[in-house]
Every structure is written in structure tokens, then in C-alpha cells.
Amino acid sequence: MSEDAAIEAPPGEVRRRLQVSRLLQYVLLQVLIAAACGFILRQPLPAPPQSFAVTEFRLRQGDTERSVTLPHFASARSAADDQPTYSGRFTWPAEQPQRAWSIYLPRFTNAAEVAVNGVAVLDSRRDPVANRPDRSTPQIAVIPSALLHGGSNELTIRVLVWGPISAFLDTPYVGPDDILRPYYDRRALLFVTLPIVFSAWQAILAVILSIMWVMRRHEPAYGMLAAAMAVGVLQAFLSTPIDNSPYAGLNAIAIASAPLESGLVLAFAILFFGRKWPRWGALIFAPGIILAMTGLISGQAAVRSLYLFIGTPTVGICLIVIAVIAGNVVLRRQDAASILLGCAVTIVLTSWIHDMLSVLQIVPDRRIFFSRLSYSAMLVAIGAALTWRFARALNQVDSFAGRLVTQVREAEDKLKASFAREEERARAAALARERTRLMRDLHDGLGGQLVSIVALSERGNDASAGIGDAARAALKDLRLVIDSMDDIGGDLMLALGSWRERAMAQLRPHDIELDWTITPPGLPVHPELRPWHVIQIMRLLDEALTNAVKHSGARRITVSIETLRDVDGLDQGCITIANDGKGFALAADGEAPAEGAKAGRGLRNMQSRAARCGAGLDLTSGAGGTQVRLTLPHRFPDSDGSA
Amino acid sequence: MTPLSDEPLSQAISVLLVEDDAPTLWRLQDALTKAGYQVRAAATLAEAKAGLAQGAPKVLLTDLQLPDGHGIDLIRETRQRFPDTEIMVISILGDEESVISAITVGATGYLLKDAFPTDIAATVRDLVAGHSPISASIARFIVRRTQNNPEPPPGPPLNTAKLTPREIDILWGIAKGFSYAEIAGHLGLSRQTVPGHIKSIYRKLEVHTRGEAVFEAVQQGLIRL
Numbered sequence: 097m098s099e100d101a102a103i104e105a106p107p108g109e110v111r112r113r114l115q116v117s118r119l120l121q122y123v124l125l126q127v128l129i130a131a132a133c134g135f136i137l138r139q140p141l142p143a144p145p146q147s148f149a150v151t152e153f154r155l156r157q158g159d160t161e162r163s164v165t166l167p168h169f170a171s172a173r174s175a176a177d178d179q180p181t182y183s184g185r186f187t188w189p190a191e192q193p194q195r196a197w198s199i200y201l202p203r204f205t206n207a208a209e210v211a212v213n214g215v216a217v218l219d220s221r222r223d224p225v226a227n228r229p230d231r232s233t234p235q236i237a238v239i240p241s242a243l244l245h246g247g248s249n250e251l252t253i254r255v256l257v258w259g260p261i262s263a264f265l266d267t268p269y270v271g272p273d274d275i276l277r278p279y280y281d282r283r284a285l286l287f288v289t290l291p292i293v294f295s296a297w298q299a300i301l302a303v304i305l306s307i308m309w310v311m312r313r314h315e316p317a318y319g320m321l322a323a324a325m326a327v328g329v330l331q332a333f334l335s336t337p338i339d340n341s342p343y344a345g346l347n348a349i350a351i352a353s354a355p356l357e358s359g360l361v362l363a364f365a366i367l368f369f370g371r372k373w374p375r376w377g378a379l380i381f382a383p384g385i386i387l388a389m390t391g392l393i394s395g396q397a398a399v400r401s402l403y404l405f406i407g408t409p410t411v412g413i414c415l416i417v418i419a420v421i422a423g424n425v426v427l428r429r430q431d432a433a434s435i436l437l438g439c440a441v442t443i444v445l446t447s448w449i450h451d452m453l454s455v456l457q458i459v460p461d462r463r464i465f466f467s468r469l470s471y472s473a474m475l476v477a478i479g480a481a482l483t484w485r486f487a488r489a490l491n492q493v494d495s496f497a498g499r500l501v502t503q504v505r506e507a508e509d510k511l512k513a514s515f516a517r518e519e520e521r522a523r524a525a526a527l528a529r530e531r532t533r534l535m536r537d538l539h540d541g542l543g544g545q546l547v548s549i550v551a552l553s554e555r556g557n558d559a560s561a562g563i564g565d566a567a568r569a570a571l572k573d574l575r576l577v578i579d580s581m582d583d584i585g586g587d588l589m590l591a592l593g594s595w596r597e598r599a600m601a602q603l604r605p606h607d608i609e610l611d612w613t614i615t616p617p618g619l620p621v622h623p624e625l626r627p628w629h630v631i632q633i634m635r636l637l638d639e640a641l642t643n644a645v646k647h648s649g650a651r652r653i654t655v656s657i658e659t660l661r662d663v664d665g666l667d668q669g670c671i672t673i674a675n676d677g678k679g680f681a682l683a684a685d686g687e688a689p690a691e692g693a694k695a696g697r698g699l700r701n702m703q704s705r706a707a708r709c710g711a712g713l714d715l716t717s718g719a720g721g722t723q724v725r726l727t728l729p730h731r732f733p734d735s736d737g738s739a
Numbered sequence: 007m008t009p010l011s012d013e014p015l016s017q018a019i020s021v022l023l024v025e026d027d028a029p030t031l032w033r034l035q036d037a038l039t040k041a042g043y044q045v046r047a048a049a050t051l052a053e054a055k056a057g058l059a060q061g062a063p064k065v066l067l068t069d070l071q072l073p074d075g076h077g078i079d080l081i082r083e084t085r086q087r088f089p090d091t092e093i094m095v096i097s098i099l100g101d102e103e104s105v106i107s108a109i110t111v112g113a114t115g116y117l118l119k120d121a122f123p124t125d126i127a128a129t130v131r132d133l134v135a136g137h138s139p140i141s142a143s144i145a146r147f148i149v150r151r152t153q154n155n156p157e158p159p160p161g162p163p164l165n166t167a168k169l170t171p172r173e174i175d176i177l178w179g180i181a182k183g184f185s186y187a188e189i190a191g192h193l194g195l196s197r198q199t200v201p202g203h204i205k206s207i208y209r210k211l212e213v214h215t216r217g218e219a220v221f222e223a224v225q226q227g228l229i230r231l
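Residue numbers (this note's numbering), protein chains in the order written: chain A, 97 to 739; chain B, 7 to 231.
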């Protein structure tokens, strides 16, 4: 008892404990994911052999000039006359002129112009992808061999900065192209090709989600996500404006659309997880709209500086809110979609913190941004969650449809059965009405007259006794006809019950005993049993009884009713009428001997009645008496076989 | 048929026989008189009422179709005026139509018009002894009414609500052609009590008053309130 009390805490307490444990589990999982992410992000990317690195440079910025070691962050931001220029030297072995040499820049912000021996060989501004500071695009260029001198060569790298982030130049590598290019390719795959693949994915998702939203207007979550995807695609495929083209303003808006995009994703998360749309919901889009307006009115420079102060924090806040929402849903529902989204958000958030630390130069690194890439991870998660949800919804529809089909079929079957029952009942009712009518008619007319005949015949001489017998037989037959029309529900036992009474009444004056043996359970029930079957069987039994009374001189007649099991294991009713009188010799063909012509006709009648009901009739006769054995069919025939 | 028929006791038994068909009347009267009953005969309803006015008979045997009325009225009246009189309906076919409607107004047995004289006497004697006759088809009709059919089969209305499960079992046995001895064996009864049960069943099927008749008609859905 006390144990029970100890185990049974109040339900609220139990729920709270459960929630706390769930929260701890979830937070622990997210911390693990964040730690793993951080660890992976801190892993240095593979770099070419150090022998090809050029690290010692003279940095000239404005009027000052000093020695620096790459990688290097320049303090200057965007002043056009303040672009840092790095000058260094590298050695070209003249004995290998057949090998092409390349200059490989793993990372720089925002753009770099490379000159070898005073001749420009690479300008990253020509590559629109390289102009996106959020993509860590590498650059490589083959140095024309005519430019190279044997021995020392001059390398000048001018870094162009247009904000919002400061200038950075990672260690450049100068060496044989076949050695450097694999490293370039690897970075290009990660930071150029992969984002394009993800953008293509986003484009497809945008289309699918738009269709979903158009077809299902009551689910605005899909519309929100579609808009987020569309904005993402637009911004991914637009190039950063570096000169004052007419579209520069629009481009700037598009580039600065990340807060808008993150706002849309947040709105999606709120709607997707079925939370009430908050009253301040529109505020989610405010930073994105402010940025866009700024871009339209003031031009790109203002957008860039504003972006750093509004855009990136907005993205971070949105990510944190999404993480909180996902966590909350995990606590309440524990479904796959919310856990998946929660983990994805944690990854993106970790990347975002990493990138912020890098931008603000709090943590020294090679200034490689992962936010955009990890955002793709979130896309994967969202795509998976939506697919999961869609498949589940389809399954539900399927099972619902299946259930509906089953129910309809069941209802149909029931209806059919009840219709059949109704028909059967109507038929039985019609028969019963007809029987009642017939009974009244017979009662009022024929029956009364027959009784009078019986009464009259009994008052006369012996000769009229035959008339009385005939009239009595007619009355008996009348009762049989009426009785057999009664609905006995296929139970022949009920008809036999009445027959027994009539038989006893018939045998009593002759002082013949009727032995009635029923071996339980009596006879099987035959739902297909019809009144005409009953009449045939009753008349057959009457015939057997009358024969015994008239011809056998028997003192005792035995009626046995039993159910036998035939060779197929099916139940088969069997009625046997035996008497202890003198038997008769059957002719070889089963016919009665010629002298008993009347009895013979009676036997033929019985055979034909049995045949019409599909029943079997066996006659055995000997010194010990006669036995008539009627074997009922498994199923009574629908139509009269002899008709 | 049995030595009992010559018992002096039967001398005291008065029978009022109501039958309009003269040959049948003679026949029944002969059979009963020969068995020692004191028989008063009536051919019409009026004669029968006059007969009742002279005093209560021990047994009333009546046909249903009478030239100046219906035997049912006679049975009802007799039942109300002389509760001790045993009433039997004379039926041509022994059908439930006539027998059941007679039972509901107070009859406790039936007699087939063409029954053999010995059977006629024996049936009346049994009735006086408290043993009501019942046929398989009547038993069948009653038990069918105990089953809950949404629409009762045609025939006279009958309320079987008062019947006990045991009584219904007895009726089933009779409907299926079991003898009283077999039924008694199956149900663990004494053989002698079965006929008494039959009479009790008949009494339970009787509709006593006008109010009860209305109540039962409502019960059976014949009247909608």
C-alpha cells in the first residue's frame, strides 16, 4: 500500500518530471550537435604543400607601408583610396618551363587583383560568385610563362573592400598548376558547386510548396516556406553589384534579403507547428523591409553598413526563436519532424555564431563562412520533414479510404442480408396470411361438412363405416395441409410433433402402440424447407403408417428420429418407421408382390414422394416386420423434381 | 378406453354442449352420455344462455360458429359468471385461430369434432381432473409468440409475457412431438405435473378484463397510444 503511494505521484507532478527529463535530453542532444559542429568547423581545410606558400609581404595601405605575414586582416574598410596592396616575391625554377604555374588564392575578402611582375593575371571581380562575401570562393589563375623570370618574381595582390566586412587575405600559393588545382577544386566543390546544388533544390521546393499552398490555401505555412525558398533562390543567383549599374539598387536589396528569408522561415516554423500566429508576427519581417527600403532609397553602400547591424542579428534572433519553438514542440509532441528541425536549426545557429565570431575577428581563423552551407542543411531537414508529413497524411487518407470502403461494403452486405431477410419475412407473412384465409375457408365449409359426414356415418349401419373412415381421412388430410403451411422455420421436428398427434389418434382405435424415439438432437434444421416438402414427407409417413395399420397386423409401431453422419461428415436426418407385423416378400426389383397390388401402389407412391424431396427411401420387410427408412437430403431441392 | 370412465364420480359431472350442427351434436352427446356424463345440449347461443341460467355446468363444450352469435361471447360470459366451470372449445381442425381465441377468453382446452367417442370422453375427464389438452400446433403457435418478432404472425393476438422459461420449454417439447413423460424427464419434472402446467399456461394467456385487454394490446403494439 505504502509502496503504491510512493510510486503514484500526482499526475501534474509526473507530467512535469517527464517534461523536465525530456527537456534535459533534448538540450543535451543539441549541445552535442553544437559541439560536433564547432569541432568540424575548427578543422583546417586541406592546404597545398607549405613550400608553395608565399607568406612574407609588404603591405602598402594609403601612405603607410609595413611588413606583414599572411593570413592578414587589414583594418581598412571601404575607402577607395585605402585599398591594401600586398607585395611579395616567389621563386620560379627556370629549369622546368614545361610545367604550368598557377597562383591560388584560397580565401580573400572582398575581391583580389593579382599581378605577377606588374602584369595582372587574376581579377576576382570578373567572377560574380567570388564577389559574394558569404561564399568562401577560392580563385586560381595560370601565370603565363612569358611573365615568369627564372629565380625571383614579384607578386602583387591588391585587396578590394566594399564592406560590410573588413579586408582579409589568406596565404596565397604559387606553384605548379597540377599540384595546386586539386586543392582549388575541392574548395570550389564545397563553396561554389554545393551552394548551387542546394539553390536548385530550393528552387524545386519553392515550386512544389507554392503548388501545395495554392491547392491548400488554409495552410499558409507552405506559402511562407515557398516565399522563403523563392527569396533564397533569387538571392543566390544574383551577382553582387560592384559598379553603378541601373539594377544595382535592386541587387543590393536581393543580397540583403537574408533577414527577410529568415523571417519567412520563422513564420513557417510558427505556422507549421500549429502555434497561434502572434500579434507581433508582422514585426518578423520589419528588419528585412527596412533593409529593402534603405536599398531602394540610399543605394548599396548604406545597405551594406546597415546589413551588418540589422541583417545578421535578425538572422540570429530568428534562428534562436525557431530553435525555441522546435524545442517546445519536441517537449509536447516528440515527433520526428520537430526533432529533425530542431537539430538542423542548432547546426545553422552554430555556424552563424562561428561566422559572427569570424567577422568580428574574435576568434582568429581563415574567415571561412559556413552559414549559407548549413542553411542548406536546414533545407534538407525541412524537405525531409515535409515529405514525412506528406507521406503520413497520404497514409492516413489511404487508411481512411480503406476503412470507408470496408464500412461501405459491410453496410452493403448488411443491407443485402436485411433485404433478403425482409423478403423472406414478407414471403413467410404472405404464406401465413394465405394459410389463415384457407384455414377459415376450410373451417367454415368443407371441414364442417366432413365432420357431419363422420357423425352421420357413425349413426348408420356397418356399411357406412367406410364413409366415416373416408371423411375422417379427409379431415386428417385437411389438418395436414394446413399444418404443413405453417412456418416451422425449417425445423421438421415441429411438423413431426403434429404428425405424432394425428398418428396416435389414428392408431388408438386399432389398439396399436406408437413408440416414439428421438435421438438428440433430433433432425437438422433445413432453412430451405418448403411447405410442399413437408406435405410430401408427412404423406409418405402417413402412407407407411396406414400400410402398417391395414396390412401388417402389427401391435406396435416404432418411429425413430435421429441425425446420422454420412461418409462426407455431413449431418443427415433419418426417420425410421418399423412395425412388428408380418412382413411381405419384396420382388427382386424392390416392388411389392403382385397379390398386394394396393400395397404395391402405396410403396410406389412413397418412393416417388421421397424422390421429389431428394430423400432416400429404404424398405426392408421380413418375418419380424417391415421397416421404412427415410433418409433426408442435405439440402431439399428448390423445385419439384417430378413436376 | 380406460376403466376410469365407468367411475361413479363422473355421474355428477354436468356438461353443457353447444353445437349447431345436429349430427355432430348427437355424436358428441352420445359419446359423453355413454361415458356417464350428464349432458345438456344447446344448438344456439340463446339456448346455451338459457342453459346457463338453469345453473352452472361443470363443463362447457361449445362450438364457435353459432347461428345467432359467437361461441367466444358464450365462453367469456361463462368464465365471468362461473369461474369454476371448465370450458372447452369444439374445433373442427384444432387450429390456433379458433383454439387460441377461445383460450384468451377463458377456455382451457379444445376438442376435435371428429375425435373418437372414447377420446371425447377421456378428454373431458382429463380436463375436469385439471389436465388441459394441447396440440403440437397450438404449442408451436404460442412459443412462436414468445419470440420477439417485430411483426407478430397473423392469428389472434396473444400476450405471452407472463409465461415462465420453464413453461416455454414445455411448450417447445410439445411442439416438437415429445411426450409428457419425455418432457418431464428432460426438465426434471414429475410426469404428472406437466398437464397441470398446460392449464396454468392457458390461464396465463387469458385476458381477464377490458382494461387488461387494452393494456396487452398496447404491449403488443396492436394499439398505439
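If you are wondering where the hints come from, they were derived from the structure by calculation, not from laboratory data. The beta-carbon is built from N, C-alpha and C at its ideal position, and this holds for glycine as well. Some clues are possibly wrong.
[Claimed, not checked] Below, in silico cross-link-like pairs of lysine-lysine (DSS-like), each with a Cα-Cα straight-line distance of 27 Å or less:
1) A:K572 x B:K55
2) A:K678 x A:K646
3) B:K210 x A:K572
4) B:K40 x B:K64
5) B:K210 x B:K168
6) B:K40 x B:K55
[To be verified] Computed Cβ-Cβ distance ranges for the label pairs, DEER-style:
7) A:S656 x B:G194: 21 to 31 Å
8) B:A28 x A:G649: 29 to 39 Å
9) B:A18 x A:S656: 41 to 51 Å
10) B:D79 x A:G665: 55 to 65 Å
> If you check each hint against the structure, which ones fail?
Replying inline: The structure breaks hints 1 and 3; every other hint is satisfied.
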